[in-house]
Amino acid sequence: MFYAQDPGGLGAVAHLLGELPESITSGVDPRFRSAEGKWVGISGRARVVVYNTKKLGEADLPASVMEFTEPRWKGRMGWAPTNGSFQAFVTALRVMKGEEAARRWLEGMVRNGVKAYANNTAIVQAVASGEVDAGLVNHYYLFRLLEENGESYPARNYYLKSGDPGSVILVSGAGILSTSKNVEAAQKFIEFMLSDVSQQYFASRTYEYPVVQGIKTHRLLLPLAQVQSPNVELASLADLEGTLKLLREVGVVP
Amino acid sequence: MASGVNLSPAKGLHRRKGGSSLVWAPALLAGAAVLLPVVYLVIRALGAGAEAWELLLRWRTLEIAGRTVLLAATVTVGTALIAVPLAWLTVRSDLPLRRLWAVLTTLPLAIPSYVGAMVVVAALGPRGLVQQIVGQPLGIERLPEVYGFPGAAATLMLLSFPYVLLSVRGALWGLDPALEEAGRTLGYSRWGAFRRVTLPLLRPAIVAGGLLVALYTLSDFGAVSLLRYETLTWAIYLQYEATFDRAVAAALSLILILMAVTVLGLEAWSKGRGHYYGSSARAFLQSGPVPLGPWRWPAVAFCLVVVAFSVALPLAILGYWLVRGLAGSEALVSLLRPAVGSVVVASLAAAAAVVAAFPVARVMTRFPGPLSGILGVVTYSGFALPGIVVALALVFFSVRFAYPVYQSLSLLVFAYVVLFLAPAIGAIKASLLQVSPRVEEAARTVGAGPWRVFARVTLPLAAPGFLSAGALVFLVTVKELPATLLLSPPGFKTLATTVWSASSAGFFAQAAAPALLLVLASGVVMAFLIARGGKVSSQGVTRGDVPIR
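Residue numbers (the working numbering), protein chains in the order written: chain A, 1 to 254; chain B, 1 to 549.
Keep in mind the hints are simulated off the structure, nothing from the lab. Heads up, a few of these hints could be off.
Stated by the list, open to error - For lysine to any residue, the following SDA-like pairs were computed, each having C-alpha atoms within a straight-line distance of at most 20 Å:
hint: 1; chain 1: A; residue 1: K216; chain 2: A; residue 2: S204
hint: 2; chain 1: A; residue 1: K245; chain 2: B; residue 2: A299
hint: 3; chain 1: A; residue 1: K245; chain 2: B; residue 2: W59
hint: 4; chain 1: A; residue 1: K55; chain 2: A; residue 2: R156
Stated by the list, open to error - Here's a subset of chain B near chain A, in silico, CB distances under 7 Å, partners left out:
hint: 5; residue: L238
hint: 6; residue: S504
hint: 7; residue: A505
hint: 8; residue: G506
All values derive from a computational prediction rather than experimental measurement. For each residue, glycine too, the CB sits at the ideal point set by N, CA and C.
Extracted from the complex, chain B is given alone in its bound form (with noise of 0.2 Å):
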């Protein structure tokens, strides 16, 4: 191997450049496999008879696509007029508990989609809490109905808007004040000032947090199964469930990746676009924060508002009715065999995607090139691909190629690296950028070999992105859903799966307890991740470039 020594500084400057075939091979696999379920989905549904264009072409394909923009487009819309207020309150305006609501207000990322529709049916449903508190005494026979569009809207927006929230937040600390005071130098109001200054250099950020809450909710199979309000996930879900001809999944398929690639181009070409600097970031807080006077309680209120709707009310209709189920003859020993699985899946799922996303990490920050740039964009891909496209993937593919591992725990691990891998590579990749090449050439060049580098200066120094990155790729494990009802083995049950199925058959004091394990599994997961570094204020529990989903 002509790279395998590099005693010489120059030689190694060279080498960064290039970098092994030991060093690429690994990462192009890793990128490969992200690729090969779609790549053959696409093939599949290319292929499939002219009966299967037939029924895409159908008035009602139309209608099911025509459902799931709207809703992508309502939530999204939705989630900038909530996030905005909240993100600029927070972070520029002299709110009473004004950190504390930073806080409060990031929680409902740890509430998975699922989780949120079950709390609407069980509160607003026919049967629900609602409907038994309110209802009955004051005689009202049927509430309204709670099921469709604007039970899925409003769930996935109160759930999703910290996406666009964590965005607009770590904009508005870098913004520089200064420009919105020479705006109100020249004459305009405060308002004035914001709506024609701070708002259009808010611009990217609200975009780029939007277009994360589109493909959340183009992703979404949770709260529109349980809503059901037909999407696309869902009417694929549907589609396999109940035929034997899966040309028509493969299909939908193809239009739900086609909408995800939409939203991922417009993404890459507003990050593209326009970058705004501040000269002098954070001087704001050296001018104080814009007094709201009058409006203090109004913003209390909203705060509030919001706080409650997404994340108390949830809990607490969750602990009724855990409550209720132990009072009645809910078991809490059925819990252990879904928490088992969770947890065995999930550590699985984050230890491989670990292992994977490292030598992908690597050569994105050690040998920066088209080539790189291309495995980036191919990885992450795979996490904006919903989920359950990529199990219809894995189902056809494994039945066909790979019988064996068709309905094994191993498949399943696979499909979560292959949705799960960008997170990986980001938290991998931003400890990697702190460990100096340096260091590991002056490792070489005292004589140890690559695995010995690895072992021993890589890998205690990028110890906390490996241990972060495994966190991250768990938790979004935990809360996986279509996949995992897609491919887990028969009788293998996580909690997800076990609040999904309880609770779309409407018992509801059966999933509240694995929902509630969920979310206070998700807590924990997501304290850790923002005690490692990731700051609520202004990166959220973001890390790299990639959100928790």
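Excised from the complex, chain A in its bound form (with noise of 0.2 Å):
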């Protein structure tokens, strides 16, 4: 049994792992699952620009992630770059636009003075407090501080607009090792996260895009037919490798 929050985690294990049944994968949005059926995800979580409402509107937002380069973001937005997440995000953003796009963009948000944050929550926090006025995460960790500060919190999730890869949904999700000794167990575990039951706390508790129809969600979240997400197959998001050596080229992590 593997169980990873991202699926550069899940691709790189992939060859490790053995096809899961038809009665488990078929009820997984096709999204969010593998091709091959060697894993499925267990809850979504889409990549959004939180932003400080008192400074920002939609309207000042761009379309693409890409936009953020331009001198008028100049020291206005931060990121998490060792979190695996906001890695994943630029997996997909060197699939969909190349490897040269993928290392000018980062090169530019790192000549832009893009501000560097231990995590998510820290990023969401300082666009609350405008430290900073945008910055890019999970959309989740909002929902969080929602709920500890009402819903006055002066900052709101921003879905990046066309498909950009700004604004892919990303999964945790399982697969089961083609090793395993207790193949029945693992089955019953991921069929158990899969449930209602499973998805409806993931729902309420965590925040997070359920995997499967029918489940109910927060009142603020957009909804997951309402995310114009990039067409970008999860399963070619493997290579987190490769994009460690991009970020450690351009200097953004160690």
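Since each chain sits alone in its own frame, please combine them into the complex, following the hints.
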């Protein structure tokens, strides 16, 4: 049994995983599972731009993440380059726009004085306090802080438009090792994680997107159907090593 | 066993030169245990592929290493500048409330670096207290950046200056004031005599304390990670967390090991150089303390500022966040699990370290020689190694050769023993030195076996040392962060990891309660150690020759 927080981790060990039965995979949105049936998503995480509502409106925000390298965003952005989801997004960027464009984007962001944070929560807090105007995060961190601080909390999520890599939906997911000695129990566990009870738990407690139909989500969460996520197969985001190499070369991670 | 029964004193003496294999085997085993992780790490790093070496030789690696050295050097010099005047004031002058200042200025030792850093961020950070209280009314949107070099250097200086202070204070107590007076009679002013006579005499103590500070800074993970100053320890952690390829982390660790070994070498070299002997130690007590005159109040102000920034303000800020958290929704109940975790793991570590330290301390006191000398160096090197390096080495080793213990509590306890064997040995050695081998031999001559002698004679006589060793290891284990982070079994929490994860996400209210509890526990254990005999004035809380980290 292998349960990872992002498709990069799943992709890296996909060759060690056995095929999951149709009964498990069929219930899951095809966007959120491997095409070969090696793993299924358990919960969905949208990449979003969190912004300070006192300083910006939706209209001020660009359609594509690529525009954040423009001079008008200088010193106003935050990111968390050591975060796994951020790295998965960079992988998506490489897959969709090519190696060179991804490098230019990273360099452009660094030139624009993007502030590095330890994690997503720190970014959302920095945005809310006005330390930066906007940041690249997963969608659910905002909801945890809304829960704590009430809806007057001056930060909201913005989804980038028209299939931009910046609005890729990532999943945490699970697969069963082909060497597993206890396949039956592992299958039962995955079935349980995909059951309505578990999926509703994710939706209402961690504010993630359910990967099956018919689950109620948070009032302020943009429904999955309205997210203009890019048409990129999650299984193609396996090259975490290549992303790390790029991030190191640009000097974003040590 | 040839040396099994020794009835004659002559034979007993002979035996003391060598010792049986029963005595040496456990001691050597403990030494090997300390050496194992690092040797394996070195082998692993040297065997890494060409790509790892390429990464190691990048400009960026040099940058990280350079930052590490810069921080260590700055903190070392800074602590000397704080500590030398403080030491002189609390030992030689007529500073008002001298005793009180002597105690208060050692208290920063009870504050772990990540707690100190958390306080700095909570107070001076972008959403911090100062911004809320002072910034907003004045319409200041942004305070100067606290992250990076200035924040990290200042924090570490304020927390580690007691190392230099204690060392210099000890030297000042032992210094013969007649030397300084001789300087005065030869025409030096008071300041001139201090600068030309006393200061050179204090140099070995300053250097010894300074090198401890350098080791402390090189090893520090908590402060640099929370204050985002990318030194080797933090780079290693990020590398370990973010990638599958652990070769870079191993290679960076190698650089850190080299730095620690260099500092260790400098320390040995400085210890070997010049000893200064006074003809009549403490004679100055008769000659009376130096009157400060008009400098009295500036001197008190200096002490006050140091104590305020290193102890009082941090505690006040923690208290503020605690109250704020309690007024909000923070529940103290969530403290129970990490507190129990800390106590359990620190007790296990204390017991294990005492058991492992006794045979080493025994051969070092009873059979001094080259082999026990090497054992001493080896076990001390474990203490000098950064926790993150030892932890990483144990991850590598256990994953490959001892998988069942990977992510188990036993491996974590083993890491603590590697790191803290030296202080335990120091404490036990100090008390074993006071147990005459004659007493043990007498017990043997009346027919007691070796185990019986240990249980009925050695153990009761050396019990205070065992107790101190256990308390000392307990204290440093509770405060330890990086090894705990890397090696904790899934779901296992301690106060240290709770403070770190809450404050690295910016939840200061959540971090305040466990942080205060940690400081309190450290303070109590330190008070116990001081009460047991380490005098604050002369030795601080050092036992043997190894101080509290």
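Quiz prompt | Straight-line alpha-carbon gap K245 of chain A to A299 of chain B, limit 20 Å | solution = violated, 54 Å
Exercise. Verify the interface restraint on A505 of chain B: the C-beta must sit less than 7 Å from at least one C-beta of chain A.
Key: Constraint on A505 of chain B satisfied, holds at 4 Å.
Quiz item: Does S204 of chain A lie within 20 Å of K216 of chain A when you go C-alpha to C-alpha?
Solution: Distance ~8 Å between K216 of chain A and S204 of chain A Cα, so the pair holds.
Self-check item: Per-residue hint verdict: S504 of chain B, partner chain A, C-beta under 7 Å
Solution: holds, 5 Å
Self-check item: Hint status (Cβ of L238 of chain B to nearest Cβ of chain A, threshold 7 Å)
Solution: holds, 5 Å
Quiz prompt | 20 Å Cα cutoff - pair K55 of chain A, R156 of chain A | solution = Cα-Cα ~11 Å, so holds.
Quiz prompt | Interface hint outcome for G506 of chain B [beta carbon to chain A under 7 Å] | solution = Nearest chain A Cβ about 5 Å off; hint holds.
Quiz item: Holds or violated: are the alpha carbons of K245 of chain A and W59 of chain B at most 20 Å from each other?
Solution: holds, 15 Å
Checked against the numbered hints listed earlier, the structure breaks hint 2 alone; every other hint is satisfied.
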